[in-house]
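Under the numbering used here, the sequence shown has 47 at position 47, and the numbering climbs by one with no breaks.
None of these hints come from the bench; they were simulated from the model.
Keep in mind the model is a prediction, meaning the values are calculated, not measured.
Keep in mind that the hints are not guaranteed to be accurate.
If you anchor each label on the Cβ, the simulated ranges turn out as follows [stated by the list, open to error]: (1) R103 with Q83: 56 to 62 Å; (2) Q14 with K96: 49 to 55 Å; (3) V39 with L79: 53 to 59 Å; (4) T98 with H45: 16 to 22 Å.
Just so you know, even glycine gets a beta-carbon here, dropped at the ideal spot from N, CA and C.
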Amino acid sequence: DGRVTLSMLDNEGQSHHTTIRELVASSPHVDSTTGRFYVGSRTSHAAALDIDTGAILRLIQTGHDDQNKHTNTDANEDLPTLQGRNVVWIGRVDQKMTVYDVR
């Protein structure tokens, strides 16, 4: 399922498990036992594909700053219409975690 798990020790030396998704949601976060600073971000991508030709009709990307970017394969053309086409939408969500040692 694409899940990545991180194990950390608390102040009493007990191990705790968390996912990157949980860390990104609670970012920024400082782990006081290790002195590590966690900064996370999330980006979503979606594409509309023409089932008959395989042409990419839309590319949409949203970042953690919630700014949407709509692009086309040729920036000089208007976006092609989706009406009357056999279209399938595909997408994914990327979670990124950067860790800094602040000690």
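Range agreement (Cβ of Q83 with Cβ of R103, hint 56 to 62 Å): 58 Å, holds
Could you see if the CB distance from V39 to L79 stays within 53 to 59 Å? Violated: the Cβ-Cβ distance is about 34 Å, outside 53 to 59 Å.
Between Q14 and K96, does the beta-carbon spacing fit 49 to 55 Å? 27 Å, violated
Honestly, do T98 and H45 meet the 16 to 22 Å range at C-beta? 20 Å, holds
Hints 2, 3 from the list above are not met by this structure, while the remaining hints are.
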